[in-house]
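Visitor: Can you make the complete structure from the sequences, with help from the hints?
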Amino acid sequence: MSKVSLPKYYYNLKADLPELPPPPLHPVTGKSISPADLEGLFPKSLIEQEISTERFIEIPEKVREAYAEYRPTPLKRAKKLEKFLNTPAKIYFKYEGTNASGSHKLNTALAQAYFNMLDGTEQLTTETGAGQWGSALAYAANFFGLKLTVYMVGISYDQKPYRRIFMETFGARVVKSPSPETAAGRKVLEADPNSPGSLGIAISEAVEVAMSDPKTKYALGSVLDHVLLHQTVIGQEVYEELSLLGEKPDVLIACVGGGSNFGGFTFPFVREKLKGEDIEIIAVEPKACPTLTEGEYKYDFGDVAGLTPKMPMYTLGYDFIPPGIHAGGLRYHGDSPLVSLLYKNKIISAKAYPQLKVFEAGVNFARTEGIIPAPESSHAIAAAIDEAIKCREEGVAKTIVFNLSGHGYFDLSAYEAYLAGKLKD
Numbered sequence: 001m002s003k004v005s006l007p008k009y010y011y012n013l014k015a016d017l018p019e020l021p022p023p024p025l026h027p028v029t030g031k032s033i034s035p036a037d038l039e040g041l042f043p044k045s046l047i048e049q050e051i052s053t054e055r056f057i058e059i060p061e062k063v064r065e066a067y068a069e070y071r072p073t074p075l076k077r078a079k080k081l082e083k084f085l086n087t088p089a090k091i092y093f094k095y096e097g098t099n100a101s102g103s104h105k106l107n108t109a110l111a112q113a114y115f116n117m118l119d120g121t122e123q124l125t126t127e128t129g130a131g132q133w134g135s136a137l138a139y140a141a142n143f144f145g146l147k148l149t150v151y152m153v154g155i156s157y158d159q160k161p162y163r164r165i166f167m168e169t170f171g172a173r174v175v176k177s178p179s180p181e182t183a184a185g186r187k188v189l190e191a192d193p194n195s196p197g198s199l200g201i202a203i204s205e206a207v208e209v210a211m212s213d214p215k216t217k218y219a220l221g222s223v224l225d226h227v228l229l230h231q232t233v234i235g236q237e238v239y240e241e242l243s244l245l246g247e248k249p250d251v252l253i254a255c256v257g258g259g260s261n262f263g264g265f266t267f268p269f270v271r272e273k274l275k276g277e278d279i280e281i282i283a284v285e286p287k288a289c290p291t292l293t294e295g296e297y298k299y300d301f302g303d304v305a306g307l308t309p310k311m312p313m314y315t316l317g318y319d320f321i322p323p324g325i326h327a328g329g330l331r332y333h334g335d336s337p338l339v340s341l342l343y344k345n346k347i348i349s350a351k352a353y354p355q356l357k358v359f360e361a362g363v364n365f366a367r368t369e370g371i372i373p374a375p376e377s378s379h380a381i382a383a384a385i386d387e388a389i390k391c392r393e394e395g396v397a398k399t400i401v402f403n404l405s406g407h408g409y410f411d412l413s414a415y416e417a418y419l420a421g422k423l424k425d
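Note that UniProt numbering gives residue 145 to position 145 of the sequence shown, counting from 1, and the numbers run on in steps of one.
Worth double-checking, as some hints may not be accurate.
[As the list claims (entries may be wrong)] Have a look at the derived ranges for each label pair, beta carbon to beta carbon:
1) 421 / 32: 45 to 53 Å
2) 360 / 396: 21 to 29 Å
3) 79 / 417: 36 to 44 Å
4) 18 / 397: 28 to 36 Å
5) 274 / 62: 26 to 34 Å
6) 275 / 20: 14 to 22 Å
7) 64 / 212: 28 to 36 Å
8) 246 / 187: 50 to 58 Å
9) 393 / 349: 33 to 41 Å
10) 98 / 274: 26 to 34 Å
11) 396 / 277: 17 to 25 Å
12) 275 / 419: 22 to 30 Å
Everything labelled a hint here was simulated from the structure, so no lab data went into it. All C-beta atoms, glycine included, are put in the ideal place defined by N, C-alpha and C.
Guide: Given below as structure tokens:
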């Protein structure tokens with residue numbers, strides 16, 4: 001779709017919401033958090049984006065130049081998958097795996113690294129699950145001349161060694177989490193020396209280190225408003241691409257862990273739905289970590305140690321340790337406050353899928369469309385296939401669009417286990 005232009009602005013959904021999420025609370029005082037309270041973690045420019053209600057926020061030229069190396073990304077029609085399913089539906093997918101890191105995560109990694117560099121940050125800390133976010137931030141930190149330490153969830157550290165090597169190749173230091181390096185990590189290891197780790201634990205470790213050094217800041221790969229803001233380049237491109245094709249989506253689908261891929265893909269369409277457009281928007285999560293479908297909407301910490309602000313979100317509890325499923329990027333106890341509010345107000349719906357069905361969908365997609373999808377992205381594929389089958393059964397020709405948030409070429413051990421019949425739900 002060479003005619004599509006690279007967005008010049010990030011789109012801020014908060015400008016168009018009839019109500020905003022309740023404010024985050026200070027982890028110690030329990031009072032509404034102020035911008036100054038966040039300055040130990042984030043640069044001022046990102047804090048301004050976090051609290052902004054402006055509809056459009058300009059993308060800096062340096063970031064647009066970096067985006068231009070891989071954006072706009074392709075919107076493709078999955079004709080061979082349609083034929084395989086014998087469905088009257090049209091299935092489109094936005095492919096975010098074309099950049100060096102292999103996923104949508106680079107969209108916010110480049111922005112966060114740039115704004116940290118501008119504010120004089122010397123080092124970043126972060127968490128990563130399956131490694132997509134860590135890989136993206138390693139690339140971006142190297143691009144903008146920053147040091148980086150990544151706390152990688154233990155189960156993924158063991159399952160995905162090539163992600164660790166990727167991060168180290170770009171200059172990052174990668175630490176298996178929980179680690180003995182931090183008080184948060186030591187506490188978990190004392191309780192369970194064989195802990196598989198979780199994103200909540202890894203966040204605690206990264207936050208703890210960032211708070212101890214004024215030249216170090218923390219970068220988060222999902223959940224927060226400014227992260228979802230950066231990802232809206234995806235949905236803006238999809239909106240323009242579909243318009244050029246003369247298409248309107250009936251169903252939009254994306255996987256959800258912390259919400260950045262889902263929010264970035266859907267928010268420009270949520271705006272249209274709020275204006276009265278008839279669009280079904282589906283968030284897809286793992287059965288093993290069913291935050292939206294089985295969680296409770298309440299204030300909760302974003303991490304296990306309770307160092308982050310308390311956020312209004314659907315949560316399984318900040319101390320919830322999910323099973324070691326291969327979709328490591330979706331093993332998060334909470335969710336974005338914005339995505340949570342949309343779900344609470346029934347603007348979006350949610351489905352949870354077991355691991356085996358997800359991998360079956362991923363393999364069918366690979367064999368028809370020629371791309372091995374990330375296990376996270378395969379959740380969206382599974383739901384898209386179900387929607388297409390429903391169209392076949394009902395004789396309805398809908399237009400289904402899903403986000404293929406990344407490729408699975410670093411996840412082949414998971415596919416090996418699935419193909420050998422060793423994977424369990």
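Visitor: Of the hints stated earlier, which fail here?
Guide: Result: hints 3, 9, 12 break, sorted rising.
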